[in-house]
Amino acid sequence: MRPGWRRIGNVAATAVVCAIACLASAGAAEPELPPGLDASPEPESSQTEPALPPGLGGEATASDGPALPPGLGGDDSPSEGPALPPGLGGDDSPSEGPALPPGLGDASAGEAEAPSDDADSRRFRLNLHGFWETRAGVRTQSDRAQSKDLILGDTRLQLKTQQFWDPVRFEATGDVYLDAVLEEAMFDLRTFRFSWSPLPSLDIRVGRQVLTWGTGDMLFINDMFPKDWESYFSGREQEYLKAPSDALRVGWYTEAANVEVVYTPQFDHDRFIRGRRISYWNPLAGGHAGSEDQVDYNAPNDWFEDDEIAVRVYRTFGAFEAATYGYWGYWKSPGGQRLLPLGQARFPRLAVYGASLRGPVGRGIANIEFGYYDSRQDRSGADPFVNNSEFRLLVGYEQELARNFTGAIQYYMEYMTDYGAYERARFFFEPKRDKNRHVVTLRLTKLLMNQNLTLSMFAYMSPSDRDAYLRPKATYKVNDHWTVEAGANVFLGESDTSFFGQFEDNSNVYAGARYSF
Amino acid sequence: MKFSWLMLSGILAGLACAGLAVPAVAQDAAPSVDEIVAKTNHMAYYQGASGRARVKMTITDSQGRARSKEFTMLRKNMDDQDKTQRFYVYFHAPADERGTVFMVHKFVDKDDDRWLYMPALDVVKRIAASDERTSFVGSHFFYEDVSGRGLDEDHHELVETTDTYYVLKNTPKDPGSVEFDSYTMYIHKDTFIPVLTQYEKGGEVYRESKALAVEEIQGYKTVTRSMISDMNQGGQTTLEYTSVTYDTDLPDDLFTERRLRNAPMEHLQD
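Those sequence lines, one after another, are chains A and B. For the first sequence, the residue numbers in our numbering are 760 to 1276. For the second sequence, the residue numbers in our numbering are 20 to 289.
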């Protein structure tokens, strides 16, 4: 014991001497340096030269010991100065002793963590996340078709979890919310999905899931997965535009091409505008219809018979992404009426064939997409009860205009085939559609305050319908948990019957606060 | 009096400290500027054939308000020329960004390709090439700090060689494209790790990035803590790297649209 103590004593003494020496030289140098530019061989560098971080510290701190401290004051170097010398003779990383996982030294530090991570991933973890949100929106004018001015009144709790049981991944997301407009409590299961890769090139994902593809920004040609227009128009968070599908998604990925097939055994129609929250133009009644006069509809719903198949084949050519699409199913929002029951909305058969290309052009990203909508129950266009076939085209371009400021523009067109047949067969009371419908969209996004404040404007403008839909929005991230948002949905139109114009009385402003965890 | 005390302490300090370090002084010929630049670039962005790290980012604004983000970053070098690379950045936190993925195919001689995946909408968005000196996810780091600045964009000049550092002054060839007049890097001579980088405008340092901790992981010297401070606006961002591994087997198809939608959980520990 005694010799040991003595040795420690010696070491300690040496340490003290060394520490004092280092400090002393440092202390002495501090006032000396500015005037004594000649006293030190490299005065400028010794003043500005940075302290080495721990890890590079060992050798460096020692050699820098005298030079560094003056410039850098009390924070890191003094502790290194004295700490270093005593502990570990000539060893490489003495200074980290306390700072880093001590003594673990080199490889062991990294490798020590890896096993525990693996253990973590095998263990079941609750892994529960989500948010609580309250959001309300009111019409900016009264709507004779609706008894309430309130267009949105949600208090919502979303819970989600994700589990990875190699090789299967499971995800679930569910929303519970109180809806003050419809005066009901709702449960919306948004995701309940299992993913599995039986082969390295094959993904199988089955269950309830939100699905998206295509290149449009808030315009969809080949994305035939269900949308929730009611949420979109009434000021819910943008993610609610996509409604979930109950589907099987199989992806096969090869060098030559990637193939994705989505099979939906029971038709999932859009959550379309039907009057209960947003009023619409009812041609039969010749007026706006609201919650008292909702769309009567009858959707195909036989499992495995009234099914949908969507296919995408895509690959990249350099920086460009090319895709072709196919869809066999039904018009996702009502695409016709029945005579009996009178005017009942229906979802006739539809096939869509299309393609898209997206890639960098100039300083921005350009995209082009088209699709042919084959209205299979009215190929001649002469059936007034079923939509005609259409060509749809989309061209878009996005570019950063200035730092933290992005602009995007899209041109979109619908071209109705067999227009002559449509005109002849059309009912006199129905608003007449144009042969071509043109829409231009504009998106401007500005990020401010360390990107915590986002100001954005998305506008749809149709020169042919002479109507528009504006979506201004401001989102502020208060901190890591809280986000507040306010915005508006403004519908403008010369006519009561045009696509956006019919919603004019639904124009609204909304605000919400969300706590994420 | 003062003079001798200084001399004495200097000698003492020299004796006490000399033995501990400076083994690196045994340098043969000093490397050329181009070598220093290339090795520094390699150390900062290209170590190992691939890499993985879990990163905690703390952004503190001028008023001391802190926000944090956590992400796993997967990187793969697509050549051994220190040029083409792929990055996959998966966000774990904050909660409202969880599952968001940012993917970059980085090229040296042309604009990078970037994608953003937003899980709630299942949308894969292509992001326009932006000003490289735009904040990365709201932090004080620029895109360029995260993935590297093109070596050809600056004139490099070795202004000083100290016992510990090569001091490089870098002046942009196109001053209009950046906000600085020049930046000075203190590059650790033994490891080529840039310990301090100071950006100057009008003769004043207004922004600096520092390596705060270095660890040796699988034989690679790795910066495990770094910080960027903005002296003009106030505020700083620190990055802490944990679970760093190198030369992990990351297949090429990890950096594709498929994996944006179906994240490679085996590499992410979400």
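Where hints are given, some of them may not hold.
[Unchecked claim] Cβ pair distances, simulated, as ranges: (1) B/R84 <-> A/F1164: 20 to 26 angstroms; (2) B/Q252 <-> A/G1121: 28 to 34 angstroms; (3) A/L916 <-> B/D130: 38 to 44 angstroms; (4) A/F1150 <-> B/M97: 50 to 56 angstroms; (5) A/L918 <-> B/H175: 52 to 58 angstroms; (6) A/F1079 <-> B/T261: 49 to 55 angstroms; (7) A/F1079 <-> B/M97: 14 to 20 angstroms; (8) A/Q1210 <-> B/D268: 30 to 36 angstroms.
[Said to hold, decoys possible] Incomplete in silico selection of chain B near chain A, CB under 8 angstroms: (9) S87; (10) K102; (11) T103; (12) A114; (13) L135; (14) R145; (15) A147; (16) P191; (17) P194; (18) E219; (19) G222; (20) K229; (21) L273; (22) R277; (23) E285.
To be clear, the hints were calculated from the coordinates, so they are not data collected in a lab. Virtual Cβ for every residue (Gly too), placed ideally from N, Cα, C.
Would you list, in rising numerical order, the hints stated earlier that this structure does not obey?
-> Those not satisfied are hints 4, 6, 10, 11, 13, 16, 17, 18, 19, 21.
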